[in-house]
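*Asks:* The working numbering numbers the first residue of the sequence shown as 801 and each following residue consecutively.
Keep in mind the hints are simulated off the structure, nothing from the lab. Owing to the predicted nature of the structure, the values given are computational and were not obtained by experimental measurement. Misleading hints may appear alongside valid ones.
Pairwise CB distance ranges, derived in the manner of DEER restraints [unchecked claim]:
hint, residue 1, residue 2, range
1, SER1059, ASP1000, 13 to 23 Å
2, ARG1093, ASP953, 16 to 26 Å
3, ARG1103, GLY983, 42 to 52 Å
4, ALA1081, VAL949, 37 to 47 Å
5, ARG1103, ALA947, 33 to 43 Å
6, ALA998, GLU1022, 39 to 49 Å
7, TYR999, PRO931, 37 to 47 Å
8, ALA950, LEU1024, 38 to 48 Å
9, GLN1105, PRO977, 31 to 41 Å
Positions of the beta carbon are idealized from the N, C-alpha and C atoms, including for glycine.
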Amino acid sequence: MSQSGAIGVQWADRAPSGAVNTSEGTRTDRAAVAADDAMKTANDLRPANDVATSAADSGRPDDRPVAVVTGASAGIGEATARALAEAGFHVVVGARRVDRLERLAEEISGTALRLDVTDRDSVAGFVAAVPAARVLVNNAGGARGLARVAEADEDDWRWMWETNVIGTMRITKALLPALIDSGNGHVVTVTSIAAIEAYDNGAGYTSAKHAESAMHRTLRGEHLGDPVRFTEILPGMVETEFSLVRFDGDAERAAGVYSGLTPLSAEDVADTIAFAVTRPAHVNIDSIVLKPRAQHSAMRAVRQQ
């Protein structure tokens, strides 16, 4: 490993190795694997300026295009990092659980950097350590609690808005110049079907996801004509640590969310993201909604007894 904070590789903006170049862009094969960043308590985390580094620190030049994935220590983020690495990207993974990131970076020959999107200094340090970027996958986020608005917990609401909305804005704003400079940038924002639906007891999360989605769609118009694409991914029920975090570690209650049906896996969502970012440069997939076959909406699904 190289010194803390150093990425120890040279990154150029070119097509992924193994890809087929066309006059319109780059095509690669389908890629995927493994398990989202569910936030952990501060006692388990390193200081904000503690930066982990990667397996790609051999001193050998690395000319793979760079993809940044937030919330990458588990679930959708981890699976997306693996999928993009398989597609030929040098993946920079960011999250608060650095021990997990280091193992992942080692496995995919990527770079691990500590990142807390709710902390502007953490975001600034993270971005300063990323010299170039072709793809940004905004995956950090989550839900806390299920309660009627009349019984809303302001701390839960504040966390959901800080993480899903302000955090996404913060990292996107910081990396947009590098993405545009790449000549073929791509911002992928993982929201949820909660961004297009409302359901009882979920207003804190659904309102945050509606706002995150609106911001993402606004960016599409604001950067029309710039060499950057924008794709929103709206998953339905995905079996990750999401429900465990929402229910404050209640494993039995979290498991009940997925009982009686086959939910999406983190790899299913990662496959979709990898597909979107490896389309030819002139193709912008604005949004993709994906749900288990058994799920119709946030409040309606068929469950086997």
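*Asks:* Hint by hint, note whether the structure agrees.
*Replies:* Each hint, compared with the structure:
1. Between SER1059 and ASP1000 the Cβ separation comes to about 20 Å, which falls inside the hinted range of 13 to 23 Å.
2. With their beta carbons about 34 Å apart, ARG1093 and ASP953 fall outside the hinted range of 16 to 26 Å.
3. For ARG1103 and GLY983, the hinted distance range of 42 to 52 Å is satisfied, since their beta carbons lie about 48 Å from each other.
4. Checked against the hint of 37 to 47 Å, the pair ALA1081 and VAL949 passes, with Cβ atoms roughly 44 Å apart.
5. Between ARG1103 and ALA947 the beta carbons are some 24 Å apart, a value that contradicts the proposed interval 33 to 43 Å.
6. Here the CB-CB span from ALA998 to GLU1022 is close to 26 Å, at odds with the stated 39 to 49 Å.
7. Take TYR999 and PRO931: their Cβ atoms lie about 42 Å apart, and the range 37 to 47 Å holds.
8. For ALA950 and LEU1024, the hinted distance range of 38 to 48 Å is satisfied, since their beta carbons lie about 42 Å from each other.
9. Distance hint for GLN1105 and PRO977: a CB-CB separation of about 54 Å, inconsistent with the stated range 31 to 41 Å.
The structure is inconsistent with the numbered hints 2, 5, 6 and 9, although it conforms to all the rest.
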